[in-house]
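2 protein chains.
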Amino acid sequence: MLVTYIGYAAAVFTTTSFIPQVYKVWKTRKTKGLSLPMYLIYGTGVFFWTVYGFLLKDIAILAANSVTLVLVLPILFAEIKDRRK
Amino acid sequence: MLVTYIGYAAAVFTTTSFIPQVYKVWKTRKTKGLSLPMYLIYGTGVFFWTVYGFLLKDIAILAANSVTLVLVLPILFAEIKDRRK
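From first to last, the protein sequence lines are chains A and B. Quick note on our numbering: the first sequence kicks off at 1 and runs consecutively. Quick note on our numbering: the second sequence kicks off at 1 and runs consecutively.
Please note that a few of the clues may not be correct.
[As the list claims (entries may be wrong)] Straight line, CA to CA, 20 Å or less: simulated SDA-like cross-link-like pairs of lysine to any residue:
no., chain 1, residue 1, chain 2, residue 2
1, A, K32, B, P37
2, B, K24, A, L36
3, A, K30, B, T28
4, A, K24, B, A78
Simulated from the structure, these hints should not be mistaken for lab results.
Excised from the complex, chain A in its bound form (with noise of 0.2 Å):
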């Protein structure tokens, strides 16, 4: 059906979209410009969308946003660190 692949479409686009920011914070080792409250509410938010998918048995929900959740942790433990300096 054409509204299921619209979702995993949907899904594969927000969840590969960090993989360049994460890629640009690990090249240039700066996260001058990136918003800390940001990252820390949106990684909030996807460690519930990780547990609602658990809870439900979701698998797609689940799998797209652990994957989201391993991309996104970087950024934020990358922007802590430099507020920190």
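Fit chain B to the known structure of chain A by using the hints.
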């Protein structure tokens, strides 16, 4: 049901998280450090989520992603403007 509230909390967090980033871009007039591919891919994904919510008549998905799109687009436009300088 607890799981429903976790879902609502997740949606509120991942949606509102972009507010501090929009504010930071607006205040500093700078997008250095932000990944352009990230916001291009993320914006596309959120657009697909909005279409998905519309087609399924799922008000929660439709509302959350419409708001996210409204927050992500100004960041994306600011990045494109910055790169063209």
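These are the hints, each one checked on the structure:
1. A/K32 to B/P37: Satisfied, since the Cα-Cα distance of roughly 17 Å is no more than 20 Å.
2. B/K24 to A/L36: Holds - the C-alpha atoms of A/L36 and B/K24 are around 10 Å apart, at most 20 Å.
3. A/K30 to B/T28: holds, 17 Å
4. A/K24 to B/A78: With a Cα-Cα distance of about 18 Å, the restraint between A/K24 and B/A78 holds, given a limit of 20 Å.
Figure legend: structure checked against the earlier numbered hints; every hint is met.
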